[in-house]
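Trainee: Going down the list, the protein sequences come from chains A and B. In this text, residue positions in the first sequence follow numbering that gives the first Met the number 0: the first is 0, and each later residue adds one. In this text, residue positions in the second sequence follow numbering that gives the first Met the number 0: the first is 0, and each later residue adds one.
In case anyone wonders, no lab produced these hints; they're calculated from the structure. Keep in mind the model is a prediction, meaning the values are calculated, not measured. Treat the hints loosely; a few may be bogus.
As the list claims (entries may be wrong) - To give an idea of the chain B side of the interface with chain A (calculated C-beta under 8 Å), a few residues:
| # | residue |
| --- | --- |
| 1 | M0 |
| 2 | L3 |
| 3 | M13 |
| 4 | P16 |
| 5 | F17 |
| 6 | N19 |
| 7 | G27 |
| 8 | F31 |
| 9 | Y34 |
| 10 | W38 |
| 11 | V39 |
| 12 | T42 |
| 13 | Y50 |
| 14 | S52 |
| 15 | R54 |
Glycine is no exception: its CB is placed at the ideal position from the N, C-alpha and C atoms.
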Amino acid sequence: MLTNVDSAAFAVFLALFILVTGMGFVAARWRKPETLAHLDEWGLGGRKFGTWITWFLVGGDFYTAYTVIAVPALVYAVGAYGFFALPYTIIVYPFVFAVMPVLWKVAKERGYVTAGDVVRGAYGSRGLELAVAATGVLATMPYIALQLIGMEVAIKALGLSGEVPLVLAFLVLALYTYSSGLRAPALIAFVKDVMIYIVVIAAVAIVPSKLGGYGAIFTAADAAFSAKGSGGILLSPAQIVPYASLALGSALAAFMYPHTLTGIFASSGGNTIRKNAMLLPAYTLLLGLLALLGYMGHAAGLKLASNNDVVPELFKTLFPSWFAGFAFAAIAIGALVPAAVMSIGAANLFTRNFWKVWVDPKVTPAGEAKVAKITSMLVKVGALLAILLMPTQFALDLQLLGGLWILQTLPALVFGLYLNWFSSTALLIGWAVGLAGGSWLAWSDGLKPLHGIDFGAGKVAIYTGLLALVLNIVVAVAVNLLLKALPQARLSREAA
Amino acid sequence: MIRLLLLLPFIGLMIVPFYNIREPHLFGFPFFYWYQLAWVPLTSLLTYIVYRSVRRAD
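For reference, chain A alone in the conformation it holds in the complex (with noise of 0.2 Å):
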């Protein structure tokens, strides 16, 4: 298990582990609540984290571990394409503050934990409640996956071999979000979120210095790709709707996951929310400066056995080995931080919507908080599982599917806080046809994200998820005017 392990690397790793691990128990006592047996406690932190929490919690569970290790690897492998994640990230903020705070009122003013709730409030619908609410589950387990990959490529690159430094960094999380809730992610998000930045900016500010400046690092990209005849600095006409389409779904779709509803519906108010929509850019624009690393990885001429080594085989390649711990440290860390919160956000919406609905409907408050425990347990060992038996690729088709999925719940979740229009049938047929509308066109596209649509003047591909939401709102608009039709024929028949 110990073979070509760097020891200061390792050292610097382990240390850093196990202050976090320790922070992750002690945080059951930080900002102390009466009581950890309630939901809106262990699940949401109390609902008091001010604007400072609130940044570094979303901030810490929207960017995940695999983020750091998969734009960079995309951008090396394809080029401009990958960077789709910048305007990503830049549009959903006005979408956040535009939309978020009103959904946090809702969810204050009636004691709201999850998407669920808030749908069941605005239709009163068990059945429109517990597709949001599966949605979700289904959307975030492979994306709880996605983070183990993210920790087993940094513990990789420190040279240990093996599943049982995963198991036993996975165990311990489980452990303390077992017994702290929310309050553990977010206040390791404060060490994952600054080791992060310094790693980066470290990376961006000396990098260019040892390898000739930027000018010369797209210079030796555009060179690889041109070497490569495939990928460039700039998108090809083919990958221009894409890469808008992409943007823009991706955008609609990060925030009605339960991890980054939870953050928002664990904030202190509308204010905290507005106020990080304006603070959180500061983490695109590391992801942006991060998203270059790919770039840097052909100007110093790595080889690489697969594209998700570019990161680490930089840092080591290019810094001392402390640091390059340190570095391994902050993305081991950083996926954390999401795994909590994501496997928080499933749990508090299977005790909410399905157990209390459907299992014990008199579950005390207390109850309700050891069944949200339990069940994020379950969550991560089966996360675990997935990633320990199942091929990789079967976690990244999944979370493919899982974008496209979650997308569909935004018409019953937001449209209801604007209009009060739709009614609950309308949205269930229409995210019934979404869903399976667009997991069959992924299917039969072998998978991959991009649908192509003739509009006559040749094929165009657009994100299928995107696809999947118009077709989704077509639906729910058409099936709701037939409703709201038939009575009246009726009447008017009756009349006759």
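Given chain A, work out where chain B should sit, using these hints.
Mentor: Showing chain B alone in chain A's frame:
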């Protein structure tokens, strides 16, 4: 009406053919890259302007 400022980032970033070009470079960055990166602080600024008016309305 000031809320409409929030639409500008969508417009600025969805017109991909407009910024899918190399020149002019800035600090070694092709236009494609620095244009999109520039939208980050710009979006924050626009959000701030809207925030000030919303906060007063509360």
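Trainee: Each hint: holds or not?
Mentor: Hint-by-hint comparison with the structure:
no.	hint	result
1	M0	violated, 14 Å
2	L3	violated, 11 Å
3	M13	holds, 5 Å
4	P16	holds, 6 Å
5	F17	violated, 10 Å
6	N19	holds, 5 Å
7	G27	holds, 3 Å
8	F31	holds, 6 Å
9	Y34	violated, 10 Å
10	W38	holds, 5 Å
11	V39	holds, 5 Å
12	T42	holds, 5 Å
13	Y50	holds, 5 Å
14	S52	violated, 11 Å
15	R54	holds, 7 Å
Comparing the model with each earlier hint shows violations of hints 1, 2, 5, 9 and 14; every other hint is respected.
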